[in-house]
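Taking the working numbering, the leading residue of the sequence shown gets 33, the next gets one more, and so forth.
It is possible that some hints are incorrect.
Cut-off 30 Å, straight-line C-alpha distance, at most; resulting in silico cross-link-like pairs (DSSO-like, lysine-lysine) [unchecked claim]: (1) 266 with 200; (2) 304 with 200; (3) 298 with 266; (4) 68 with 266; (5) 253 with 266; (6) 117 with 266; (7) 298 with 117; (8) 266 with 295; (9) 261 with 200; (10) 253 with 117; (11) 117 with 261; (12) 200 with 253; (13) 261 with 68; (14) 253 with 68; (15) 200 with 68.
Just so you know, the hints here were simulated from the structure itself, not pulled from any lab data.
Computed from a prediction, not measured in an experiment: that's the story for all the values here.
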Amino acid sequence: MKESICNCEEPELEPLFPVPDFDTGEVQRSLHCCTKCGLTQTYPIPSASEMSQIYNDNYYTSTKVKFNPVIEAWSRLAGRNRARKLLARNRDKSSVLNVLDFGCGRGVLLDGFRAEGHSVLGIERSDSMFDSLPDVSSMSLQELITTGRQFDIIVIWHVLEHLDDPEKTIAEIHQLLTDNGKLYIEVPNFGSIQVQLFGSHWFHLDIPRHLAHFTPASLSKLMERNGFKASQTKTFSFDQNLYGFFQSALNAIPFLPENHLYKTLKSGLSLKSFIILVLYSPLLVILLVPALLELLLSHLCSKGAVLSLELVKPHD
33 MKESICNCEE PELEPLFPVP DFDTGEVQRS LHCCTKCGLT QTYPIPSASE MSQIYNDNYY
93 TSTKVKFNPV IEAWSRLAGR NRARKLLARN RDKSSVLNVL DFGCGRGVLL DGFRAEGHSV
153 LGIERSDSMF DSLPDVSSMS LQELITTGRQ FDIIVIWHVL EHLDDPEKTI AEIHQLLTDN
213 GKLYIEVPNF GSIQVQLFGS HWFHLDIPRH LAHFTPASLS KLMERNGFKA SQTKTFSFDQ
273 NLYGFFQSAL NAIPFLPENH LYKTLKSGLS LKSFIILVLY SPLLVILLVP ALLELLLSHL
333 CSKGAVLSLE LVKPHD
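When you get a sec, could you build the whole thing from the sequences and use the hints?
Below, the structure written as structure tokens:
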């Protein structure tokens, strides 16, 4: 286990609260907040061998998909739409863009950028089941820097929270981005209303896979220290907010297993999963109105479940 010392080298970390394991529900870790940079971290940080175990077939199925076929198809459609939206904000650049997706997973965003005719590269863990996909590499960012290749757009989508040294990663990303290039980051928002409502039961904590838990302030400090300038900040995501509320509220019910509905949605289409979803339906109907109210309030207060940043590397 790695010692609980922040990457900003501040030894004083304030304990917040214990948190259950996303998969087992067992409480083995807690959250600690750095008194200097404000970053909240999972402690103890899993070792390298533990990391390999937690990114197993429970995270992605052995068929290299994350959800049942219906939700997986929707996820891929949403990925293509997200790629088009990001590209629409870069129409002033050359016709063919060099795009890096760091932590590309099963390649949903890569597919979207590739379909629009752009040059793509995805980076994945060396022990990932996806490093053999087209345009996906397991090289480190430092190795990529030595090739001299640079990118017009770099995407880090729900990845930064998985890293034990986000400071080092962002510094390396800065070297890989062209002058005036765009960096797009999305992470769960630890400054959200949902965290205030649900605490350790918040769905997007995903312990122990999520090691860093960002607020708008702590993420902004990280980016500014490494030479980035934010051009857009959002906290609204309809699907992340709505589902996050549903699952977090269900997690807070004592007799229900942690994240049980989510695990059911990840399983294949079967009679058992259908029956479970039917049994959950009355609870979801009851939760719909408060979920929509929280969605509206989060949007108005800019305290949604996710934190999305568009950042620019200014020309020196």
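> Of the hints stated earlier, which fail here?
Replying inline: 2
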